[in-house]
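There are 2 protein chains.
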Amino acid sequence: MTAAPFRHVAVIGLGLLGSSVARAARAGVPDIVITGYDADPAVRQRAHDIALADTITDSAAAAVAGADLVVLCVPVGAMGDAARAMAPSLAPGVIISDVGSSKAGVAAALAEALPGHRVIPAHPVAGTEQSGPDAGFAALFRNRWCILTPPSDVAPDDLARLVALWEAFGARVETMDAEHHDLVLAVTSHLPHLIAYTIVGTASDLERVTQSEVIKFSAGGFRDFTRIAASDPTMWRDVFLSNRDAVLAMLERFNRDLSALETAIRAGDGLALFDHFTRTRAIRRSIIAMGQDDARPDFGRSDHTGGD
Amino acid sequence: MTAAPFRHVAVIGLGLLGSSVARAARAGVPDIVITGYDADPAVRQRAHDIALADTITDSAAAAVAGADLVVLCVPVGAMGDAARAMAPSLAPGVIISDVGSSKAGVAAALAEALPGHRVIPAHPVAGTEQSGPDAGFAALFRNRWCILTPPSDVAPDDLARLVALWEAFGARVETMDAEHHDLVLAVTSHLPHLIAYTIVGTASDLERVTQSEVIKFSAGGFRDFTRIAASDPTMWRDVFLSNRDAVLAMLERFNRDLSALETAIRAGDGLALFDHFTRTRAIRRSIIAMGQDDARPDFGRSDHTGGD
Chain A
1 MTAAPFRHVA VIGLGLLGSS VARAARAGVP DIVITGYDAD PAVRQRAHDI ALADTITDSA
61 AAAVAGADLV VLCVPVGAMG DAARAMAPSL APGVIISDVG SSKAGVAAAL AEALPGHRVI
121 PAHPVAGTEQ SGPDAGFAAL FRNRWCILTP PSDVAPDDLA RLVALWEAFG ARVETMDAEH
181 HDLVLAVTSH LPHLIAYTIV GTASDLERVT QSEVIKFSAG GFRDFTRIAA SDPTMWRDVF
241 LSNRDAVLAM LERFNRDLSA LETAIRAGDG LALFDHFTRT RAIRRSIIAM GQDDARPDFG
301 RSDHTGGD
Chain B
1 MTAAPFRHVA VIGLGLLGSS VARAARAGVP DIVITGYDAD PAVRQRAHDI ALADTITDSA
61 AAAVAGADLV VLCVPVGAMG DAARAMAPSL APGVIISDVG SSKAGVAAAL AEALPGHRVI
121 PAHPVAGTEQ SGPDAGFAAL FRNRWCILTP PSDVAPDDLA RLVALWEAFG ARVETMDAEH
181 HDLVLAVTSH LPHLIAYTIV GTASDLERVT QSEVIKFSAG GFRDFTRIAA SDPTMWRDVF
241 LSNRDAVLAM LERFNRDLSA LETAIRAGDG LALFDHFTRT RAIRRSIIAM GQDDARPDFG
301 RSDHTGGD
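Chains as they are written, first to last, in my numbering: chain A, 1 to 308; chain B, 1 to 308.
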């Protein structure tokens with residue numbers, strides 16, 4: 001597709017993801033008009049001050065008027081309400097999408113709130129632990145995957161336009177059904193967040209180890225968990241509530257596997273531990289090979305060159 | 001202390017940690033003589049080829065002859081044997097230290113293998129998931145903590161010399177007793193590794209989600225776990241076996257806390273989830289403030305500047 005896939009995008013919700021969508025649209029789509037709205041007046045003011053969009057409006061309905069694409073960037077639990085608020089102003093033929101981390105629940109909420117509209121849910125697998133309109137950046141989606149979960153009756157041209165948009169943002173696009181998305185993300189994202197949230201809580205509640213000691217000696221592994229346990233609380237509350245069944249199913253597997261390693265430790269079974277630890281090392285190498293992480297020690301956290 | 005704290009260090013074990021100790025000594029201690037030994041002939045050859053030390057010897061006994069400091073950089077389960085192998089060649093007054101990740105078991109093994117010698121166990125809380133003599137670098141310890149667990153009857157001058165050495169490596173030094181060290185590290189390092197090893201194993205064993213999907217969509221959180229689950233299998237087998245009691249005690253706490261979050265998800269208790277996730281965010285901020293991690297989104301993994 002050589003022409004710009006959309007001429008006017010409305011971004012609803014201007015936090016980390018919404019502000020990144022606005023910036024990526026500005027950087028990657030020639031001549032696109034960008035309107036934006038956030039339910040929080042302070043966020044709207046800040047978005048206005050940093051010129052995040054051509055116009056920051058005082059209502060979702062005003063933001064979407066005339067748009068040929070609306071991207072909902074609100075917590076997944078707020079999608080239905082956000083959709084209902086803007087429904088009366090939607091232009092004919094507009095495509096409605098989102099960036100939520102769970103998809104079956106969002107698809108159902110949007111279908112209910114926007115009957116007859118063209119809804120194509122999306123999930124860019126990218127983010128940081130920061131929040132708010134200043135946290136976004138245009139390159140957030142570059143070299144990351146964006147998963148689209150179109151309904152079975154999607155118009156091929158609508159899908160192609162949304163694919164073109166995400167490719168213009170630098171993302172690689174994959175489509176799958178919403179239920180499979182939710183299962184995949186339960187293991188690659190939701191369960192890791194749940195576990196990180198848990199262990200950071202555990203570490204801050206001990207009697208014999210002080211919080212100051214936990215922080216001081218965090219470089220031994222703990223700090224990697226704290227980053228994802230610093231992610232937005234509202235967003236993640238909604239993710240766990242909306243993808244409950246898949247998360248609980250993955251958690252059951254995890255608990256079973258953790259219990260097996262616990263038994264090996266208790267029994268002094270060094271061979272079982274060694275075999276498990278050797279197997280997991282191979283997965284890391286595949287992630288580096290796929291370009292989904294940085295092989296430098298410490299992800300380049302320090303200044304060293306990796307040599308002497 | 002203005003004079004160099006040691007004139008000849010013998011490094012036993014030339015993997016990530018041992019080769020980093022050798023490089024840090026070369027970079028930070030003027031005129032120091034460095035001898036090195038590794039049980040693996042291929043590692044010795046490689047260490048020789050890259051001139052990691054002044055002399056790479058064919059036995060631990062030869063490496064320690066004449067040294068006023070020996071640093072054992074072998075897996076914690078191999079400390080006793082390594083100490084016994086070199087015992088006959090130790091010079092009078094030599095200080096024996098190590099870099100093992102658990103300390104009570106190492107202290108006991110060294111005390112048994114080296115009766116009458118001056119043993120001061122140490123643990124630099126630093127590392128990467130890489131292994132081998134090429135993986136080390138002089139700056140590994142810079143701005144990291146090194147915990148010394150001296151026996152109660154340590155000579156103050158011996159302790160001061162070892163503190164001076166680690167400070168010359170760029171580390172910050174703290175002393176505590178071995179049992180407390182093991183409890184602190186169980187939560188800041190050993191439990192995070194155990195959990196990361198578990199979830200990476202879980203993710204690679206699913207029927208309905210392929211390994212390729214897990215790798216592709218790992219940027220959602222999972223990849224942070226794969227880094228620490230790629231750490232050296234022998235080293236970590238030994239850590240879990242030698243610090244078993246503290247690890248199991250922390251695991252019990254973790255399991256209890258995870259079960260509470262599971263209950264909240266099952267019950268749809270959004271308030272409990274939100275409260276927990278808000279609390280853990282504060283810990284992350286303290287770690288950044290203490291200089292123990294990088295606040296850049298993605299730890300600077302990507303090329304972006306964090307802005308637009």
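Keep in mind that the hints were calculated from the coordinates and are not lab data.
Hints are supplied without guarantee of correctness; some may be wrong.
Heads up, the list lumps identical chains together, so a pair's fine if it works in one copy or across two of them.
Here are the simulated lysine to any residue pairs, SDA-like style, with alpha carbons at most 20 angstroms apart [stated by the list, open to error]:
(1) K216 with D177
(2) K216 with A155
(3) K216 with L241
(4) K216 with A27
(5) K216 with R285
(6) K216 with S204
(7) K216 with G270
(8) K216 with D205
(9) K216 with P115
(10) K216 with R172
Sort out which numbered hints this structure fails and list those numbers smallest first. 2, 3, 4, 7 and 9
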